[in-house]
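With chain A fixed as given, assemble chain B onto it according to the hints.
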Amino acid sequence: MALLEVNGLRTQFFTRDGVVRAVDGVTFEVGAGETLGIVGESGCGKSVTALSLMRLIPQPPGKIVEGTILFDGQDILKMDDDDVRAIRGHSIAMIFQDPMTSLNPVLTISRQISEALELHMKMDKSEARKRTIELLELVQIPSAKKRLDDYPHQFSGGMRQRVMIAMALSCNPKLILADEPTTALDVTIQAQILDLLKNLAREFRTAFILITHDLGVVAGMTQRIHVMYAGQIVEKADTGELFANPKMPYTWGLLRSIPRLDESRRAKLVPIEGLPPDLIAPPPGCRFEPRCQYRREICKEKQPELTVVPNAKADHESRCWGTQDVPGGGWLIQTDWRKEIGDTHVLEEIKQEAASETATEGLGE
Amino acid sequence: MATITTTPRGTAAERASELNVLVRKQRSLWQDAWWRLRRNRAAVLGMIIVILFMVVAATVPLMTQLGWIKDPLKQDTPNSLMEPIWTQSKFTLSTYPFGSDQLGRDILSRLLWSTQISMLVGFVPISIVFLLGVSIGLAAGYYGGWIDQILMRITDVIYAFPDLLFLFIIMATLRNSPFGDIQGGLMLIFVAIAIVGWVGMARLVRGQVLSLKEREFVEAARAIGAPARRIMVRHLFPNLLAPVIVSVAFGIPSAMLAEATLSFFGIGIRPPTPSWGVMINEGFVVFSTTAWPVLLPALCISVVMLAFTFLGDGLRDALDPRMKL
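Residue numbers (our numbering), protein chains in the order written: chain A, 1 to 365; chain B, 1001 to 1325.
Hint data in this document are derived by calculation from the structure and do not stem from the laboratory.
Every residue, glycine too, gets a C-beta built ideally from N, C-alpha and C.
Accuracy of the hints is not assured; some may be wrong.
What the hints assert, rightly or not - Restricting the straight-line Cα-Cα distance to at most 30 Å, the calculated cross-link-like pairs of lysine-lysine (DSS-like) are:
hint: 1; chain 1: A; residue 1: K78; chain 2: A; residue 2: K122
hint: 2; chain 1: A; residue 1: K198; chain 2: A; residue 2: K122
hint: 3; chain 1: A; residue 1: K78; chain 2: B; residue 2: K1213
hint: 4; chain 1: A; residue 1: K63; chain 2: B; residue 2: K1070
hint: 5; chain 1: A; residue 1: K302; chain 2: A; residue 2: K63
hint: 6; chain 1: A; residue 1: K146; chain 2: A; residue 2: K125
hint: 7; chain 1: A; residue 1: K146; chain 2: A; residue 2: K130
hint: 8; chain 1: A; residue 1: K351; chain 2: A; residue 2: K313
hint: 9; chain 1: A; residue 1: K268; chain 2: A; residue 2: K302
hint: 10; chain 1: A; residue 1: K125; chain 2: B; residue 2: K1213
hint: 11; chain 1: A; residue 1: K313; chain 2: A; residue 2: K198
hint: 12; chain 1: A; residue 1: K122; chain 2: B; residue 2: K1213
Claimed, not checked - Distance windows between CB atoms, simulated:
hint: 13; chain 1: B; residue 1: W1030; chain 2: A; residue 2: P60; range: 48 to 54 Å
hint: 14; chain 1: B; residue 1: D1320; chain 2: A; residue 2: D149; range: 19 to 25 Å
hint: 15; chain 1: A; residue 1: G25; chain 2: B; residue 2: V1157; range: 38 to 44 Å
hint: 16; chain 1: A; residue 1: V84; chain 2: B; residue 2: N1176; range: 16 to 22 Å
hint: 17; chain 1: A; residue 1: P271; chain 2: B; residue 2: P1227; range: 41 to 47 Å
hint: 18; chain 1: A; residue 1: S257; chain 2: B; residue 2: I1150; range: 51 to 57 Å
hint: 19; chain 1: A; residue 1: A354; chain 2: B; residue 2: I1150; range: 35 to 41 Å
hint: 20; chain 1: A; residue 1: A281; chain 2: B; residue 2: Q1149; range: 32 to 38 Å
hint: 21; chain 1: B; residue 1: P1227; chain 2: A; residue 2: A281; range: 36 to 42 Å
Isolated chain A, as found in the complex:
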């Protein structure tokens, strides 16, 4: 049994304009000590998935309407509030995106780190303080003893993120959710923080879910990657397999938009045209169809399922008619995404649509 099994998770936000299907039937699992990357554009439901796992969705307007989240065999969604609180910070910890705003400005660093220790490990003040020093040393904060009673504003961004990591590690959790842990940091610090996370995950055999929009970040960090689009998982694969043999046009688009140092200077970055769909009324067929250069009629009509793809590793799944061996589909099975950019006239259409969409939006405001 895996440490975490998420099954058909659906989280929706009930707004004035309608029901936003932020997470729409997400199924995945994380084994003990495993690292999983969840990748996707902004607004595709990554963070909402993470918050749902800890039942931190603000309610109202949000609500988890369907699904099960089995953690250690127990369904988090069926627990009462006290049991969930006992899990939060103890068995599952979270590292937030922005260390500048995630630390309480009027409390000292030591008080904030000891809080979880006092809550879950029932430590007294001096024990918690000792452990806090250990933790700060663990996340490589120099002269930890002297910086214990500093306030967050006396720490730099990278150091604050280290403090957040120390807080997450404090109770030896089985699973850490890191929601864009390096997005708010500058590039050199990003590398340090990722390094630290990688080493700590390996050392403590903590399972990690790393949520990011940056494929470059997950490349060196995770064992498996799930790509999300518009509230659904569209591709699941081993990290190596995903980079070597991606099977979904959206993933191709993501990979094309990463700048590479080993490519010639003339090679252009190819962005994905258009915007992610409105999650109140998503397209009836494949959700990526409006932006896909490889689309066919079937994509508009029926939604593809997440299924194992031929011509790839056994556990490689994708949600695309083109890479599935079904009647009416399968036209992309042999396609080399690096060489064939897709139908150029479709690309033009998408560009025009995107342009007219932004134009009408501009008028509307």
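Frame of chain A, contents of chain B only:
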């Protein structure tokens, strides 16, 4: 547990940063605020005056016992309406340094005793306002829902009247009940001022909480499993303390002023207990003969008001440099 510290590159850098930490002085937010407050001369002056009045209020029973000042209630009709010493053409060591009122009571002694009433009226109801306002405001802001609804409806009712009118209504109706008699009417004044005041504090706190609870550190606190009460007390409360302190600093003088006003109109402190308001009220009768029985308590009120205003302004500037009012 294993650690992965002391990487070779760490040693030099570590030593440097250790030096750095040793050199730099550690300052908390409150120490910063205290430093800013001390640089503000008006605030320091206000603070000194306030402390002075507090010392007087605390020691006045002792001073009377030692015989340094007269009994504020002792009447001495032959010596009524004496002028204070500074108005007499030649200096005499009078037994009434600030003069006497129409019943021959010592004005100095009455002024000093009034300080005690004023300080009590300043601090006791504000403590009630603080406790009630902060706890109800926190709960209403954090939980929302029906607690918030009830709070806002009560607020609407109390806000619909001018504060003073509300005080008048409470005092006038309850003054002759047994409760209005406790401590010469002091208890009723405490309660009345607290009833009128807690709403403003609750609203202030609620507003702060509404914006604070959307901040990420609250979500982070929830993510480590902190229960609601702990989030309110340990995370939200210290963050909203600054505006609350400022509000308290302005609430104290307004409570004092309210007491003086009520007493002046004869529905506050019961004579013969001295209070500045009572003294002005009684002095009015003899205003055409001598102005001092009115002027001196009025002066006391003004000085205390001014001192608290200076202090409040200074606190506001010190605690939140960004807040412009």
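Status of the hints after comparison with the structure:
1. A/K78 x A/K122: holds, 26 Å
2. A/K198 x A/K122: holds, 29 Å
3. A/K78 x B/K1213: Given that 30 Å is the threshold and the Cα spacing comes to 26 Å, the pair holds.
4. A/K63 x B/K1070: violated, 73 Å
5. A/K302 x A/K63: holds, 27 Å
6. A/K146 x A/K125: holds, 17 Å
7. A/K146 x A/K130: Holds, because 13 Å separates the two Cα atoms, which is no more than 30 Å.
8. A/K351 x A/K313: Violated. A/K351 to A/K313 sits at ~34 Å, over the 30 Å cutoff.
9. A/K268 x A/K302: Violated, at roughly 33 Å.
10. A/K125 x B/K1213: Satisfied, since the Cα-Cα distance of roughly 26 Å is no more than 30 Å.
11. A/K313 x A/K198: Status holds; Cα separation ~25 Å.
12. A/K122 x B/K1213: holds, 26 Å
13. B/W1030 x A/P60: 48 to 54 Å: For A/P60 against B/W1030, whose Cβ atoms are near 37 Å apart, the range 48 to 54 Å is violated.
14. B/D1320 x A/D149: 19 to 25 Å: holds, 23 Å
15. A/G25 x B/V1157: 38 to 44 Å: Hint violated: Cβ distance 50 Å, outside 38 to 44 Å.
16. A/V84 x B/N1176: 16 to 22 Å: Since A/V84 and B/N1176 have Cβ atoms about 56 Å apart, the given range 16 to 22 Å is violated.
17. A/P271 x B/P1227: 41 to 47 Å: Holds, at about 46 Å.
18. A/S257 x B/I1150: 51 to 57 Å: holds, 53 Å
19. A/A354 x B/I1150: 35 to 41 Å: violated, 50 Å
20. A/A281 x B/Q1149: 32 to 38 Å: Given a distance of about 34 Å, which is inside 32 to 38 Å, the answer is holds.
21. B/P1227 x A/A281: 36 to 42 Å: holds, 39 Å
Checked against the numbered hints given earlier, the structure breaks hints 4, 8, 9, 13, 15, 16, 19 and satisfies all the rest.
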